[in-house]
Every structure is written in structure tokens, then in C-alpha cells.
Amino acid sequence: MGQDGVPDGTAEGGGSSVTTLDVTWAQAWTRAAAQVVAEHRDELVELDRQIGDGDHGENLHRGFTAVLAKLDGLTEPPGQVGDVLKLVATTLMSTVGGAAGPLYGTAFLRAAKVTATERLDAAGVVAMLEAALEGIVVRGKASPGEKTMVDAWTPAVHAAVEAADGGAEPAAVLAAAATAAEEGAVATDPLVATKGRASYLGERSAGHRDPGAASSALLLRAAAEAAA
Amino acid sequence: MGQDGVPDGTAEGGGSSVTTLDVTWAQAWTRAAAQVVAEHRDELVELDRQIGDGDHGENLHRGFTAVLAKLDGLTEPPGQVGDVLKLVATTLMSTVGGAAGPLYGTAFLRAAKVTATERLDAAGVVAMLEAALEGIVVRGKASPGEKTMVDAWTPAVHAAVEAADGGAEPAAVLAAAATAAEEGAVATDPLVATKGRASYLGERSAGHRDPGAASSALLLRAAAEAAA
Amino acid sequence: MKKLINDPADVVTESVEGFGLAHPDVVHVRTDPLYVTRAGGPRTGKVGLVSGGGSGHEPLHAGFVGVGMLDAAVPGAMFTSPVPDAITPALQAADGGAGVVAIVKNYTGDVMNFELGAEIAEAEGVTVRTVLVNDDVAVEDSTWTAGRRGVAGTLCVEKIAGAAAERGDDLDAVVAVAEKVVANVRSMGVALTACTVPHAGRPSFDLADDEIEIGIGIHGEPGRHRVPMAPADAVTEQLLTPVVEDLRLGDGESVLLFVNGMGGTPLSELYVVYRHARRLLEERGVTVTRSLVGSYVTSLEMQGASVTVLRLDDELTALWDAPVRTTALHW
Amino acid sequence: MKKLINDPADVVTESVEGFGLAHPDVVHVRTDPLYVTRAGGPRTGKVGLVSGGGSGHEPLHAGFVGVGMLDAAVPGAMFTSPVPDAITPALQAADGGAGVVAIVKNYTGDVMNFELGAEIAEAEGVTVRTVLVNDDVAVEDSTWTAGRRGVAGTLCVEKIAGAAAERGDDLDAVVAVAEKVVANVRSMGVALTACTVPHAGRPSFDLADDEIEIGIGIHGEPGRHRVPMAPADAVTEQLLTPVVEDLRLGDGESVLLFVNGMGGTPLSELYVVYRHARRLLEERGVTVTRSLVGSYVTSLEMQGASVTVLRLDDELTALWDAPVRTTALHW
Ligand SMILES: Nc1ncnc2c1ncn2[C@@H]1O[C@H](COP(=O)(O)OP(=O)(O)O)[C@@H](O)[C@H]1O
Ligand SMILES: Nc1ncnc2c1ncn2[C@@H]1O[C@H](COP(=O)(O)OP(=O)(O)O)[C@@H](O)[C@H]1O
Ligand SMILES: [Mg+2]
Ligand SMILES: [Mg+2]
Ligand SMILES: [Mg+2]
Ligand SMILES: [Mg+2]
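Residue numbers (my numbering), protein chains in the order written: chain A, 1 to 228; chain B, 1 to 228; chain C, 1 to 331; chain D, 1 to 331.
Mixed in with the good hints there might be a few duds.
Here are the simulated distance ranges between beta carbons [said to hold, decoys possible]:
| # | chain 1 | residue 1 | chain 2 | residue 2 | range |
| --- | --- | --- | --- | --- | --- |
| 1 | A | Asp189 | C | Asp32 | 57 to 67 Å |
| 2 | A | Glu118 | C | Glu283 | 48 to 58 Å |
| 3 | C | Pro33 | B | Pro77 | 37 to 47 Å |
Reference listing, derived: stretches of chain D covered by chain A, where coverage requires no fewer than 3 residues with Cβ under 8 Å from a Cβ of chain A [unchecked claim]:
| # | region |
| --- | --- |
| 4 | 34-45 |
| 5 | 82-94 |
| 6 | 161-175 |
| 7 | 190-200 |
| 8 | 212-226 |
Everything labelled a hint here was simulated from the structure, so no lab data went into it.
Note that the Cβ used here is the ideal one computed from N, Cα and C, for glycine as well.
Please construct the entire structure, taking both the sequences and the accompanying hints into account.
Laid out in C-alpha cells, this is it:
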């Protein structure tokens with residue numbers, strides 16, 4: 001669903017059929033993201049309750065509910081992938097609050113800037129993910145290993161690059177990214193947080209999954225499924 | 001203990017040996033009272049928690065602890081029964097607070113006034129109990145059946161009069177009063193309170209024992225046992 | 001039970017000592033017997049104002065000692081009326097020669113202890129008049145009860161009588177205005193949780209997770225009835241309606257609306273209650289011209305709130321607005 | 001979870017609406033986006049002061065809007081920093097032409113959202129300077145944390161910077177005095193019970209009946225370590241010692257001692273803590289010249305307290321004493 005499915009007329013390379021992701025996919029991703037956030041709201045609240053302040057699921061749910069309303073209220077269909085991502089960015093920025101609002105807001109804003117196009121190929125998907133991670137790092141100044149959402153996005157970008165380099169199609173690139181993000185989120189469990197609210201706990205933050213890494217994995221899986 | 005035990009030299013009537021209670025008994029009563037209050041402190045708190053504010057046991061315990069300290073601090077032994085009761089009265093009045101402080105304070109003060117003597121015979125015991133009840137009623141303006149300590153003292157006085165009329169000795173008069181007070185306290189269980197803090201509960205005060213009636217029974221039993 | 005206390009037997013004294021240390025410019029604390037007076041002592045010729053009662057309702061009453069309100073406060077043990085031995089010297093200390101008004105919440109214990117304390121003070125030459133506060137509409141005022149209790153409305157009586165005394169009203173006039181407030185103020189409270197008296201060590205009543213207790217007093221006594229937990233607006237209506245009806249508030253009247261926290265309630269929730277109570281009053285044509293929201297007459301750490309309405313006229317409004325400089329009320 | 005709220009999603013808006021209705025003489029509430037300004041708007045030529053953060057800490061920050069303190073406050077969702085969309089107009093509304101100081105508690109979310117909000121306001125022509133408050137000594141200030149949190153000391157920064165702005169200090173001077181307060185104020189808190197965020201519906205952490213959590217923040221976050229329940233004096237010492245040591249307070253210095261309740265703590269207990277904290281300071285030769293005791297920077301209905309010490313000099317003392325007319329602080 002949402003995947004263009006039409007072999008790209010100007011496909012290059014060794015005869016592989018090349019698909020691209022378009023604005024329909026972007027909308028499908030957004031809707032899928034809103035749905036997984038709603039489904040996992042309580043789980044994310046619980047993760048944040050363990051090592052934070054218990055609002056992460058609620059904040060994202062409020063944000064994506066607003067995103068859906070914005071999407072439904074559009075009078076003209078968005079023309080470019082970036083239009084959808086920009087709507088997501090600004091809405092999250094103005095409704096989520098907390099740490100996640102600016103972080104995801106900046107991620108989607110940067111992603112939107114590099115997707116001012118009607119179609120994304122594998123390289124486009126990689127560029128989008130790289131821009132998103134860059135936005136998170138610019139805003140939050142965290143490095144990998146600090147037990148934040150960076151620990152989901154970094155391996156995701158890595159896996160996406162690798163998949164694209166290996167000739168994978170956009171959907172497969174996203175799937176690789178999602179899987180890596182999920183592994184990255186799980187890998188935050190033993191880490192001691194040194195950024196964000198969990199850092200106040202010191203050693204006691206170990207043994208819990210970072211909520212932002214968990215939600216990042218959910219968002220990336222939604223992207224992959226919208227493309228599948 | 002504390003009972004004089006010496007047949008009264010001027011005994012009248014049909015050859016029965018008459019005993020009297022003296023200041024030693026009054027002190028023994030006071031100490032016994034302090035002890036039962038300490039032992040039943042939590043029980044009285046619990047009764048008051050049910051239909052009041054949960055302080056009755058604590059208040060009496062604070063009061064009788066102060067009474068003991070005063071008694072121990074006396075430089076001269078008290079000469080009359082009333083001296084002991086007056087010490088109890090003023091100490092309770094100035095340390096118990098709440099409803100029970102003025103009520104017991106006034107009871108012991110009135111009782112002290114009619115026991116300005118070295119010895120109490122059965123009639124003297126009756127007069128003492130009557131004066132105590134009168135003090136409680138003057139201070140609290142409750143009638144029997146309102147679920148207050150009056151419901152322990154009224155039958156106690158009644159039983160004391162009856163016993164004395166029947167020729168009982170002081171110890172037996174007190175024992176009859178204590179038993180009647182105990183029955184009176186139990187009989188407050190089904191009553192709906194119309195005086196004191198329990199009255200705020202209306203119908204919901206039924207099914208609980210009045211804490212002041214319960215403590216009154218304890219004090220009267222202590223008096224009887226000090227005379228036995 | 002977890003509390004920031006040392007020995008339960010010392011909590012009142014230690015707390016009042018701390019209070020005195022923190023606010024030497026406003027109050028002076030005397031121990032043994034324990035009472036609190038206005039810093040600087042009584043003003044000659046001013047009617048003195050004294051209140052008191054069991055502790056556990058802080059800032060009531062010691063928090064209301066200061067210019068424009070009380071001259072002295074007598075804190076009893078937790079939830080236990082103070083003894084005459086403390087009341088008498090407090091009445092004496094508040095006397096500036098113009099007599100003293102004792103503002104007493106209508107509880108059997110408080111009434112009797114103040115009666116005794118006043119008797120002795122009078123014997124020592126202090127003219128004492130007593131005003132009983134009985135604003136709690138949860139309790140029927142009938143021969144079937146000890147009469148209505150004094151709860152949060154007490155603050156209104158103390159503030160307004162305090163202003164009258166401060167501006168130089170004589171004893172009769174201060175008593176009259178205090179009684180006018182008593183006649184025009186009503187309250188009703190709800191508990192979401194019970195409180196734990198330190199020496200008891202367990203909650204004053206047991207309340208299920210989905211129940212609330214309507215018509216509670218401020219001593220951890222259970223209320224009049226227990227109802228299922230409901231949204232704040234519905235609870236507010238259950239508190240406000242009997243208050244308004246008992247006052248027979250009519251279209252066009254002006255009131256003070258006071259939403260009081262029981263000690264453990266977040267301020268944010270009190271404003272949610274205030275918002276709806278105000279709407280309900282407005283729907284009845286009643287104008288809220290003065291407001292107070294906060295935890296002023298508490299029941300230790302109890303969660304819950306009470307709604308107090310005071311019918312205002314120009315005199316009461318002006319006295320409410322008059323300056324007050326206590327640790328808990330200040331304007 | 002029992003709370004006096006309606007829908008958890010509406011609690012902040014309804015509460016702030018009620019707040020605005022109750023205090024029209026002091027504040028003005030704007031909704032959508034939600035922020036609170038001083039009644040009467042900004043004073044031309046005065047440096048504006050804005051703060052904000054997640055809700056659930058009431059009276060912080062909206063309760064500190066008024067003459068002598070804040071010009072605007074931005075309440076976020078419960079325990080969630082407000083969004084730039086609300087921060088920007090609040091900064092604009094506070095601007096009297098002399099620039100605005102944003103007082104931001106040092107949390108990742110607050111810092112980032114205020115950064116974004118300020119960026120947009122600056123693009124609209126408002127000069128914004130930000131002061132980060134990070135008084136919580138429970139958190140190590142190192143590369144191993146997001147830096148120390150801002151907790152109850154924030155009140156001191158807002159009060160003193162507010163007084164400086166009110167007396168006409170320019171932007172640089174207000175920032176300088178705010179930073180001076182930040183440099184000299186430290187806090188440490190303890191939780192006896194956790195709090196429950198409305199949308200979460202269960203306590204923010206689990207604490208056994210005989211345990212307390214030392215070093216908690218104000219967002220229901222767990223603290224640094226868990227210890228057995230102890231008498232108030234012992235707990236007070238555990239709070240005060242790290243504060244004093246971090247400040248390197250020496251013999252002969254003067255301080256403000258601020259004992260803050262976390263929302264569900266009886267005032268009487270706060271004074272017990274105050275009493276011992278003051279003694280401990282005096283034993284070190286430190287003089288407590290100013291005091292504040294009450295629940296000002298809270299964590300919903302959490303039971304617990306924090307101890308804040310501010311090193312005073314003549315300038316800070318005079319600014320602390322300067323008149324303030326907000327709903328929560330008034331003198
Ligand atoms: N500096 C940072 N860089 C990247 N991610 C961060 C940073 N700080 C926090 N986060 C992420 O934000 C998540 C928490 O988001 P949320 O609960 O919405 O915010 P808050 O901590 O303000 O309540 C954390 O789990 C973490 O993944
Ligand atoms: N008007 C009254 N007359 C007689 N006894 C009363 C009256 N009011 C209360 N009492 C007694 O006082 C007891 C409560 O005492 P206590 O708990 O010490 O006082 P308080 O109600 O002030 O907390 C009641 O159980 C009742 O027996
Ligand atoms: Mg969070
Ligand atoms: Mg009692
Ligand atoms: Mg009592
Ligand atoms: Mg948050």
C-alpha cells in the first residue's frame with residue numbers, strides 16, 4: 001500500500017525492476033505511524049515511567065493525533081513527499097513538547113528539506129534518513145551510546161546505506177533501517193544514559209529500554225510497512 | 001490493695017463488717033487507671049478512628065502519663081481522697097484537650113469536691129460517682145442514649161446506688177458500677193450518636209462502640225480493682 | 001505511614017518552633033504552654049482576636065496571626081482541641097484592653113476547652129466574647145447532631161473580623177461582624193483519600209480506589225456518604241449545590257468563592273474545581289466578586305477539597321480587601 | 001488514581017482557565033496557544049521576564065506572574081515542556097521594548113523548546129536572553145548527565161530577577177543578577193511517595209512503605225538513591241549537607257533558607273524540616289536571614305520536600321525583599 005509499484009521508466013542498472021516511493025507512501029507512512037503510536041502509547045508511557053517522567057507515549061500520541069487531523073483537513077493533496085514530512089514536522093513541533101517534540105520536529109523538518117520531490121528512490125530514502133538523524137543530533141547533541149533515540153537512528157541509517165549500496169529497493173532499504181532501529185533500541189537496555197532525563201538516574205538507568213529509541217523503531221517500521 | 005481493710009470502729013447496722021476506701025486506694029486507682037489506659041491506648045484510638053478522629057486513646061494516654069508524673073513528684077503524701085482526685089482533675093484538664101479533657105477534668109473535679117475526706121464508705125463512693133456524672137453532664141449537656149460516656153456513667157451510678165442501698169461495701173459498690181459501665185458501653189454499639197464528633201456521621205455511627213463510654217468503663221473497672 | 005516527622009509526640013511543638021524561627025517578623029512563639037502571638041504584642045485599644053484548635057489544619061490558625069487578622073493562635077495536639085492552660089494565656093496576651101474575641105470552630109472539644117480557658121481569663125480581668133463558626137452544611141444543624149462543624153469558612157471569619165478589629169471597631173462591633181460572616185458563610189468538603197494522624201499510624205478511614213467521601217470534616221472524620229469517584233465537575237456540583245441552597249443564594253447576589261485544598265491536593269486541581277463552581281454560580285445569576293484558591297484549612301495530607309461561599313455586601317467586601325500581613329494570607 | 005479532574009487531556013487548560021477567572025486583577029490567560037501574562041500587559045521600557053515548563057508544578061510558574069516577578073508564563077502539558085508555538089507569543093507579549101529574559105529550568109525538553117521559541121521571537125524582533133537554572137545538587141553536573149536540573153531554586157531566580165527588572169535594570173543587568181542567583185542557589189529533594197501523572201494513571205515510581213527516594217526531581221522521576229525511611233531530622237541532614245557542601249558555605253555567611261513541599265506534604269512537616277535545617281546551618285556558622293516555607297515548586301500530589309539554600313549578599317537580599325504581587329508570592 002502506498003508504494004508506487006510502477007517500474008521506473010528510466011531505470012538504470014542490471015535489469016532489476018526499480019520502484020520508488022511517492023507522496024501516497026508518505027501519507028500512508030504518516031497514518032501508519034499515528035496508528036502504531038496509538039497502539040503503543042501505554043507501552044511508551046511505561047518505558048518513560050521507568051527512567052523518565054512517563055509522558056513519552058502520551059506526548060507522541062497527542063502529536064500524531066494532531067498530525068492526522070491536519071492531514072484530513074488538507075484541501076489540496078500534497079504534491080511532494082517533503083510536503084507531507086513538513087506537515088508532520090511542524091505539527092509535532094507545535095504539539096508534542098518535551099524533548100521528543102523538538103527532536104522529532106527537527107528530524108522531520110530536515111527530512112522534508114531533502115525530499116522536495118515527487119518520488120524517492122533508494123538513494124532518496126537514504127538521504128531522508130540521514131537528514132533526519134542529522135536533525136536529531138543537531139538539536140539534541142547526543143552521540144551514539146548515550147541511550148537516546150540516536151541509538152536507534154544511527155544503526156538505521158547505517159543499515160539503509162548498506163542496503164542501498166547493495167542495490168535494494170526503497171522498501172527494502174526502509175525494512176533494513178527498521179530492523180536495525182529495533183535492534184538499536186533493544187541494545188539501549190544495558191546502557192547508562194548520559195543525555196536526557198534518564199541521565200539523572202545514573203547507573204540506575206541501565207536495565208531499561210530508552211523510550212525515544214523504542215518509538216523511533218516503531219516509526220521506522222511503520223515507514224517500511226507502508227512501503228511493503 | 002489500697003483498701004483500708006480495717007473494720008470501721010463506728011460501724012452501724014446488722015453486724016456486717018464495714019470497710020472504707022482511703023487515700024491509698026485513690027492513688028492505687030489512679031495508677032491502675034494510667035495502666036489500663038496505656039494498655040488500651042490503641043484500642044481506644046481505633047474505636048475513635050471508626051466514628052471520631054482517632055485521638056481518644058492518645059489523648060487519655062498523654063493525660064494519665066502526666067498524672068503519674070505529678071503523683072510521683074509529690075513531696076508530701078496527699079491527705080484526703082479528694083486531694084488525689086483533684087490532682088487527676090487538673091492534670092487531665094491541662095493535658096488531655098479534645099472533648100475528653102474537659103469532661104473527665106470536670107468529672108474528677110466534682111468528684112474531688114465531695115471526697116474532701118480521709119475515708120469513703122459506700123455512700124461516699126456513691127456520692128463520688130454521682131458527682132462525677134453530674135460534672136460530665138454539666139460540661140457536655142448530653143442525656144443518656146446520645147452515645148457518649150454518659151451512657152457508661154449513668155448505669156454505673158444507678159448500679160452503685162442499688163448496691164449501696166443493698167448494703168454492699170465500697171469495693172462491691174465500685175464493682176457493680178464497673179460492670180454496669182461495661183454493659184453501658186457495649187449498649188452504645190447500636191446507638192446513633194447525637195452528641196460529640198460521632199454525631200456528624202448520623203446513622204453511620206450505629207454499629208460502633210463509643211470510645212468515651214469504653215474508656216469510662218476501663219476507669220471504673222480500675223477503681224473497683226484497686227479496691228478489691 | 002511515612003511522614004517528615006521525628007517522634008509523633010513532638011511534631012506539633014517542633015513544627016510550631018520552626019514556624020516561629022522562620023517568621024520572627026510576623027509571629028512570636030511561646031512554648032509550655034504552646035501558643036503563638038503577633039510579633040510586637042497586642043496593640044493598646046485594639047480588640048484582640050484569638051483562635052485555636054487541634055493541629056493538622058495548617059496554615060490555620062497560626063498562619064493567620066499577624067496584622068489584619070489574629071492576635072494569637074493556640075495549636076492543640078494533632079486534631080485535638082488545645083487545653084485551657086494554653087488558651088487562657090493566649091487570651092491574656094491578645095488583650096490590648098479592649099477585650100478579646102475568641103473565634104471557635106464548633107466542635108464539642110473546642111467549645112468546652114475555650115469555655116474553660118475564657119472563664120479563667122475573665123477571672124483574670126480579660127473580657128472575652130466567643131464566636132462559634134459552624135459553616136459545614138454536610139452536618140445537619142439539628143438536635144440530632146452536635147451542630148454544624150466549623151471548617152474552611154473559619155478563614156473568612158478570622159480575616160474579616162481581623163480587619164474590623166484592625167480598623168478600630170469595638171468589641172461589640174467586632175463580634176457583630178464576625179457573627180455576620182458566620183451567618184453568611186457555608187462550606188462542603190470531599191475526601192479522595194483519608195489522612196493519617198501521626199500517633200494513630202494508619203489512615204483515619206478506609207476508602208476504596210473508586211470511592212470518595214462527601215461531606216468530610218477537617219479531622220479525618222468520615223463524611224456523610226460515600227459515592228463512586230466522578231469527574232471533577234460532577235463532584236464540584238455535589239459540593240456547591242448544598243452550599244448555595246443552604247445560603248438561599250439568589251439571582252443578583254455577590255459572593256466570595258473559596259476553593260480550599262485539604263492538604264494533599266495539587267493546586268491545579270483546585271483551580272479545576274474553582275472553574276466549574278464559578279460557572280455553576282454564574283448560571284444561578286450569582287456574581288463571584290472575590291476569590292481564594294489554595295490549601296488553607298487542611299487535614300494533614302488528605303486529598304480532597306472544600307467549596308466555601310460567603311455572601312458579600314459592601315462592608316464585608318471592604319473588610320476582605322483590607323490589608324492583611326500574616327504568613328499564609330498577605331495582601 | 002483519584003483526582004479532581006475531568007478528562008486528563010483537559011486538565012491543564014481547565015486549570016489555567018480557572019486560574020485566570022480567579023485572579024483577573026493579577027493575570028490574563030490566553031488559550032490556543034496557552035500562556036499567562038501579567039494583567040495590564042508589559043510595561044514599556046521594562047525588561048520582560050518569561051518562564052515556563054511542564055505543568056504539575058503549580059504554583060510555579062503561572063502563580064509567579066505579577067508585579068515584581070514574571071511578565072508571562074507558559075504552561076506545557078503535565079510534566080512536558082511547552083511547545084515553541086506557545087513560547088514565542090509569550091515572549092512577544094512580555095516585551096516592553098527592552099528585551100526579554102527567558103528563565104528556563106535545565107531540562108533537555110525545556111531547553112530545546114525555548115531555544116526554538118526564542119529563535120522565532122527573535123526573528124520577529126524581540127531580543128531574548130536565556131538563563132538556565134540548574135540548582136539540583138542531586139544530579140552530578142558532568143559530561144555524564146544532561147547537567148543539573150532546575151528545581152525549587154527557580155523561584156529564587158524568578159523573584160530576584162523580577163525585582164531587578166521591576167526597578168528598571170536593563171537587559172544585561174537582569175541577566176547578570178539572574179545568573180548570580182543561579183550561581184549561588186542549590187537544592188536537594190526527597191520523595192516519600194510518588195505522584196501520578198493523570199494520563200499515566202499510575203504512580204511515576206514504586207516505593208515501598210519503609211523507603212524514601214533521595215534526590216528526586218520535580219517530574220516524578222526517580223531519584224539518585226533509595227534509603228530506609230528515617231526521622232525528619234536525619235532526612236533533613238541528608239538534604240542539607242550536599243547543598244551546603246556544593247555551595248561551599250562558610251562560617252559567617254548569610255543565606256535564604258527555603259523549604260519547599262512537593263505538593264502532598266502537610267505544611268506542619270515542612271516547618272519540622274525547616275527547624276532542623278536551620279539548626280544545621282547555624283551549627284556551621286551560617287546565618288539564616290531570610291526564609292520561605294511552603295509548597296511552591298511541586299510535583300503534583302507527591303509527598304516530600306526539598307531544601308534550597310541561596311547565598312545572600314546585600315543586593316540579593318534587597319531584591320528578595322522588594323515588593324511582589326503575584327497569586328502565590330505576595331509581599
Ligand atoms: N539530547 C538528546 N538527544 C537525543 N535524544 C534525546 C535527547 N534527550 C532526550 N532524548 C530522547 O527523548 C526521549 C524522551 O522524550 P520525552 O519523554 O518526550 O521527553 P521528556 O524527557 O522531556 O519527557 C528519550 O527517551 C530520548 O530518546
Ligand atoms: N457532649 C458530650 N457529653 C458527654 N460526652 C461526650 C460529649 N461529646 C463527646 N463526648 C465523649 O467524648 C468522647 C470523645 O473524646 P475525644 O476523642 O477525646 O474528643 P474529640 O471528639 O474532641 O476528639 C466520645 O466518645 C464521647 O464519649
Ligand atoms: Mg518523558
Ligand atoms: Mg477524638
Ligand atoms: Mg480530637
Ligand atoms: Mg516530559
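(message) Check the structure against each numbered hint from earlier and tell me which ones fail, lowest number first.
(response) Hints 3, 4, 6 are the ones this structure does not satisfy, whereas the remaining hints hold.
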